[in-house]
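> Chains as they are written, first to last, in the UniProt record's numbering: chain A, 1 to 301; chain B, 1 to 332; chain C, 1 to 336.
Treat the hints with care, since some could be wrong.
[What the hints assert, rightly or not] Within a straight-line C-alpha distance of at most 16 Å, the following computed EDC-like cross-link-like pairs (lysine to aspartate or glutamate) qualify:
{"hint": "1", "chain 1": "B", "residue 1": "K202", "chain 2": "C", "residue 2": "D70"}
{"hint": "2", "chain 1": "C", "residue 1": "K197", "chain 2": "B", "residue 2": "D83"}
{"hint": "3", "chain 1": "C", "residue 1": "K88", "chain 2": "A", "residue 2": "E190"}
{"hint": "4", "chain 1": "B", "residue 1": "K263", "chain 2": "B", "residue 2": "D273"}
{"hint": "5", "chain 1": "B", "residue 1": "K94", "chain 2": "B", "residue 2": "D83"}
{"hint": "6", "chain 1": "B", "residue 1": "K119", "chain 2": "B", "residue 2": "D83"}
{"hint": "7", "chain 1": "A", "residue 1": "K31", "chain 2": "A", "residue 2": "D291"}
{"hint": "8", "chain 1": "B", "residue 1": "K263", "chain 2": "C", "residue 2": "D185"}
{"hint": "9", "chain 1": "C", "residue 1": "K88", "chain 2": "C", "residue 2": "D185"}
{"hint": "10", "chain 1": "C", "residue 1": "K197", "chain 2": "B", "residue 2": "D273"}
[What the hints assert, rightly or not] Label-pair distances were calculated between CB atoms; the ranges are:
{"hint": "11", "chain 1": "A", "residue 1": "A113", "chain 2": "B", "residue 2": "D271", "range": "55 to 63 Å"}
{"hint": "12", "chain 1": "C", "residue 1": "Q120", "chain 2": "A", "residue 2": "D288", "range": "25 to 33 Å"}
{"hint": "13", "chain 1": "A", "residue 1": "G141", "chain 2": "C", "residue 2": "V8", "range": "33 to 41 Å"}
{"hint": "14", "chain 1": "A", "residue 1": "D288", "chain 2": "B", "residue 2": "N112", "range": "30 to 38 Å"}
{"hint": "15", "chain 1": "B", "residue 1": "D15", "chain 2": "A", "residue 2": "A178", "range": "24 to 32 Å"}
{"hint": "16", "chain 1": "B", "residue 1": "K290", "chain 2": "C", "residue 2": "H152", "range": "45 to 53 Å"}
{"hint": "17", "chain 1": "A", "residue 1": "W21", "chain 2": "C", "residue 2": "R81", "range": "42 to 50 Å"}
{"hint": "18", "chain 1": "B", "residue 1": "N112", "chain 2": "A", "residue 2": "F46", "range": "37 to 45 Å"}
{"hint": "19", "chain 1": "A", "residue 1": "L148", "chain 2": "B", "residue 2": "K115", "range": "21 to 29 Å"}
{"hint": "20", "chain 1": "C", "residue 1": "V8", "chain 2": "B", "residue 2": "Q274", "range": "49 to 57 Å"}
{"hint": "21", "chain 1": "C", "residue 1": "S327", "chain 2": "A", "residue 2": "K121", "range": "18 to 26 Å"}
{"hint": "22", "chain 1": "A", "residue 1": "A178", "chain 2": "C", "residue 2": "S327", "range": "21 to 29 Å"}
To be clear, the hints were calculated from the coordinates, so they are not data collected in a lab.
Note that CB positions come from ideal geometry on N, CA and C, so glycine has one too.
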Amino acid sequence: MSATLIPETASATTTMRRNFWSGVWRVMKRKPSRMAGVVILVGFAFMGAFGPMFFPDHLPGDVNALTKPPSWEHWFGTDPQGRDVLALVITGSRYVLLCATVTAVITVVLGTALGLFSGFKRGRWDTVLMRITDMKLTIPGLPLLLVLATVWKFSSPIQMGLVLGLLGWGGVARAVRAQTLSLRERGFIEAARGLGLSTSHIVGRELLPSMAPYIAMNMLISVTGAVYAQVGLFFLGVLPYESDNWGVMLNLAVFQAGAMIQPNALGYLLAPLLAIMLLTLGIVLVVDAMDEIFNPRLREE
Amino acid sequence: MAQATTGQAPGVRVDGLTVVYKTPAGELPAVRDVSLTLEPGSITGIVGESGSGKSTLALSLLNAVQPPGRISAGSVEIDGLGDVVGFEGERLRKARGAHIGYVFQAAQNSLNPLKTVGKQLLDLGRSHGVEDRRGLLREAQELLGRMGLDGARVLDSYQHELSGGMRQRVGIMLALVLNAQVVVLDEPTTALDMITQANILKIVREVHAERGLTTLVITHDIGVVAEVADRLAVMYGGRLVEQGPTRQVLGDPRHPYTKGLIKAIPRLVGDIDQARALPGRPPTLATVPKAGCVFRERCALRMDICDTDDPAAVAHGPRIVACHAVKVKEHA
Amino acid sequence: MITGNGIVKTFKQRGNMLGAREVRALRGVDFSIPKGGAASFIGESGCGKTTLGRIIAGLETYDDGEIVIDGVPMSSLTLKRRQPHFRKIQMIHQDPYSALNPTRTVHQTLRAPLALRAKQTGRSKAWMDERAAEVLSLVGLDPATVLARYPHQLSGGMRQRVVIARALTVDPEMLVADEAVSMIDVSLRLGILALLKDLRERLGVSVLFITHDVATARYIGDDGDLYVIYRGQVVERGPVDTVIADPVHPYTQSLLSAIPVLHGLELPGEQPVVPLEALNAGQDDVGCLFAPRCPFRGERCDTERPLLQLTEGVPQEHACFHPERRSVIARPMSEV
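Assemble the whole structure, with the sequences as input and the hints as a guide.
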């Protein structure tokens with residue numbers, strides 16, 4: 001009887017993979033807001049990856065159009081050097097997004113790994129790691145960044161992302177550990193142990209997928225956190241001037257172009273703010289779908 | 001106990017009750033055209049598996065079916081109160097608790113973990129406008145004492161300090177303390193030990209008799225009903241398939257589902273192989289057949305008519321059975 | 001053959017700053033389950049029966065005593081070396097909902113242990129798929145329809161069958177079923193019980209059944225031993241049917257008296273023992289553990305702890321100073 005079954009089961013893995021993506025598509029289609037979120041995020045990814053290619057390395061300034069309000073020619077107006085604000089936002093997006101991605105990846109990978117290890121091993125390892133996490137959580141991020149900024153110049157987004165990531169994993173680690181502790185008491189984990197399955201199987205195939213929605217959400221949310229953090233640093237002016245960085249733009253708009261009193265410079269102020277808002281919105285809209293994507297019951301329904 | 005002497009237990013008549021749930025596939029009936037009479041002062045047991053609609057039926061007695069469910073047809077007439085299906089707002093809230101007491105599943109944590117039992121009791125009294133707080137506490141202590149607990153200590157305890165059996169007794173106390181005369185117990189012994197179960201059932205029987213109540217017990221366990229109930233009603237797929245005096249139904253079940261269910265209970269003595277599993281599995285809201293008999297998929301007596309016609313509940317003396325095959329046999 | 005001698009387990013509860021409170025889960029339990037045989041542990045929740053089952057399945061450590069699996073004493077091996085022996089004993093959990101990973105299909109669930117097995121024995125992928133279909137058929141499921149499903153697409157009874165199928169992938173010698181049917185619909189319970197019984201007969205798997213329901217224990221193995229456990233101690237043991245018919249320990253008697261009588265089908269026993277009040281962890285060190293709840297206790301019970309001893313006239317043992325037979329169980333009307 002089993003002979004006829006072999007082809008069916010052998011293809012099961014590939015079918016399942018296909019089912020997963022068609023399930024994701026179905027989940028996304030369920031609410032128009034999710035599709036909007038995906039469109040926004042894809043738009044930003046495209047902007048960060050290819051946007052700067054459309055512009056010269058040094059954006060030309062138009063001395064006849066310094067700090068102009070929005071117009072058909074310059075959608076968001078011009079900066080005090082006569083450069084197009086939209087072009088600045090687009091060329092500046094690469095640094096911001098790359099840095100945010102690096103931060104998110106480091107935060108999640110480090111946080112998840114430590115949380116999983118700590119929660120699964122328990123005992124002495126757990127105590128030691130969680131003390132370290134607690135200590136890390138007590139370090140105030142911003143002052144530390146200010147100090148670090150005097151040492152390093154963060155000229156590369158990867159460097160910046162690395163530092164932000166190393167500062168941000170504490171919360172994720174604690175949360176993942178809590179989840180691991182509750183999941184490891186579930187019957188299926190115990191059954192896996194009883195069957196003699198390896199720890200890597202239990203952690204990688206049984207525990208991790210159950211936490212996937214949670215991890216994915218944390219990842220997306222830490223992207224926004226990283227954007228705020230670096231834009232904030234640049235806004236404060238503690239990092240070197242970089243004409244097309246969103247934070248620097250905000251700084252210049254407020255302190256140099258006087259956007260608070262000068263209506264002409266409003267576009268200069270609003271453009272980076274809008275970009276940040278839109279990115280956050282896109283992430284929030286997509287996060288809503290994570291639970292349904294990774295839970296087969298909600299996905300198939 | 002002053003209430004015991006007044007002893008005017010109200011009767012409850014459920015007539016043609018249908019409760020539907022809104023699903024993506026349209027409105028599906030969880031309870032369909034159920035008629036049931038709870039005689040004054042009797043204990044009625046409703047037996048059913050998951051998805052049989054027994055809990056929905058119990059909630060309908062309080063008109064407490066939550067959206068996406070709603071009572072779409074029928075009435076629930078309670079003596080001295082009227083048809084609760086028409087009740088709304090304040091009037092309904094007052095009826096719950098004061099007239100109808102509901103005891104939630106023992107396994108579920110129906111007690112607030114952050115408040116002591118006494119505090120929850122006072123909250124209950126306040127929401128029902130009880131002036132005499134001392135009297136309420138005294139009554140509660142008396143009830144708890146009656147059930148073999150140290151009343152003062154229990155009122156001072158939090159949920160986690162009580163065992164499953166103790167929580168269940170607290171639930172019964174909360175349902176009765178406002179002098180409700182109709183009591184609904186939803187799975188009163190699920191997740192309890194045999195010994196604790198026996199104790200709770202004994203208490204249910206005794207308190208029922210002493211206070212002159214009309215009691216409805218909802219359970220999946222025929223044994224529980226056999227121990228406490230005067231009348232037994234069997235539900236399957238939202239329909240009441242058989243009802244009658246407990247001993248008669250158990251001793252001589254008519255409906256094939258009742259027969260199968262009783263046969264599927266392993267027994268302590270006698271031939272082990274007498275126990276037989278029922279084939280198939282109980283339907284869910286989505287898989288209950290829309291037309292015809294709800295049990296036909298698992299039925300050994302299935303006939304052609306079962307596919308098309310839903311058997312009507314026919315009374316044979318004190319017994320009511322909804323089955324085409326039984327009807328044929330009776331007439332033959 | 002799996003035997004245990006004097007198994008002791010103490011849990012340290014997190015106490016206050018002055019020290020942890022100790023809870024004695026098992027106080028020296030002996031048991032023996034023959035190959036292909038059956039045994040049942042019955043008792044109230046908290047009596048230690050589940051802990052004992054978990055220890056036997058290798059999911060929990062024990063503080064003292066010895067477990068011998070097929071002649072190999074576990075104390076002679078390191079923790080790591082014990083694993084292959086304990087793997088022959090598979091646990092079937094009470095809750096089929098948490099026993100299966102909701103993010104994995106039945107196929108994935110079965111494949112993991114089979115892959116391990118295939119690696120150890122050098123078998124092919126085709127064998128894995130064949131074997132997956134085979135174990136599913138053994139538990140009465142249709143592989144073609146079930147393999148690609150997620151747990152939420154299966155009923156409680158089907159899930160429990162998948163759980164059993166997963167245990168069968170490692171060719172176990174014994175299944176430890178901990179209240180394995182209590183969360184399953186009544187009309188489907190007997191199907192699962194019959195399956196366990198069937199596996200005993202067809203595969204020679206022995207079954208250890210842990211429950212508070214004596215009748216289900218009897219259904220799976222009336223040829224096996226019944227162990228009545230009270231607060232970590234076996235108070236009565238013997239062949240299922242003789243213990244049911246002739247219980248001499250008052251605790252066994254009240255347990256059996258508590259089983260609902262199907263009035264109309266059965267008549268209650270002639271001398272039922274009043275159901276006891278709830279278990280309160282009381283005196284610990286001296287006297288019979290059951291004495292505080294015992295309706296028949298005498299003076300000796302408060303000062304001395306009874307040990308298991310042979311019961312006169314029947315092949316069973318009890319731990320009581322005042323053993324007396326009482327007819328406590330309900331009898332079918334047809335037999336009376």
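> Keeping to a limit of 16 Å between CA atoms, is the pair of B/K263 and B/D273 held or broken?
Holds. B/K263 to B/D273 sits at ~10 Å (cutoff 16 Å).
> Would you check the hint for C/K197 and B/D83, treating anything up to 16 Å between C-alpha atoms as holding?
violated, 51 Å
> Using the beta carbons of C/S327 and A/K121, state whether their distance is inside 18 to 26 Å or not.
Distance hint for C/S327, A/K121 is violated at roughly 55 Å.
> Would you mind confirming whether the straight-line C-alpha gap from C/K88 to A/E190 stays at or under 16 Å?
holds, 15 Å
> Given the hinted pair B/K263 and C/D185, is their alpha-carbon gap at most 16 Å?
holds, 14 Å
> Is the hinted range of 24 to 32 Å satisfied by the C-beta distance from B/D15 to A/A178?
Violated, at about 52 Å.
> Using the Cβ atoms, figure out if B/N112 sits within 37 to 45 Å of A/F46.
violated, 52 Å
> Can you let me know if the beta-carbon spacing of A/A113 and B/D271 is within 55 to 63 Å?
holds, 59 Å
> Taking only the CA atoms, is the gap from A/K31 to A/D291 under or equal to 16 Å?
Between A/K31 and A/D291 the Cα gap is close to 14 Å, so the pair holds against 16 Å.
> Does B/K94 pair with B/D83 here, judged by a C-alpha cut-off of 16 Å?
Holds: B/K94 and B/D83 sit about 14 Å apart, inside 16 Å.
> Holds or violated: the 21 to 29 Å window for the beta-carbon distance between A/L148 and B/K115?
violated, 49 Å
> Determine whether the Cβ-Cβ distance between A/A178 and C/S327 falls within the hinted range of 21 to 29 Å.
Roughly 54 Å apart at Cβ, these two residues miss the hinted range, so it is violated.
When held up to the earlier numbered hints, the structure conflicts with 1, 2, 6, 9, 12, 13, 15, 16, 18, 19, 20, 21 and 22 and fits the remainder.
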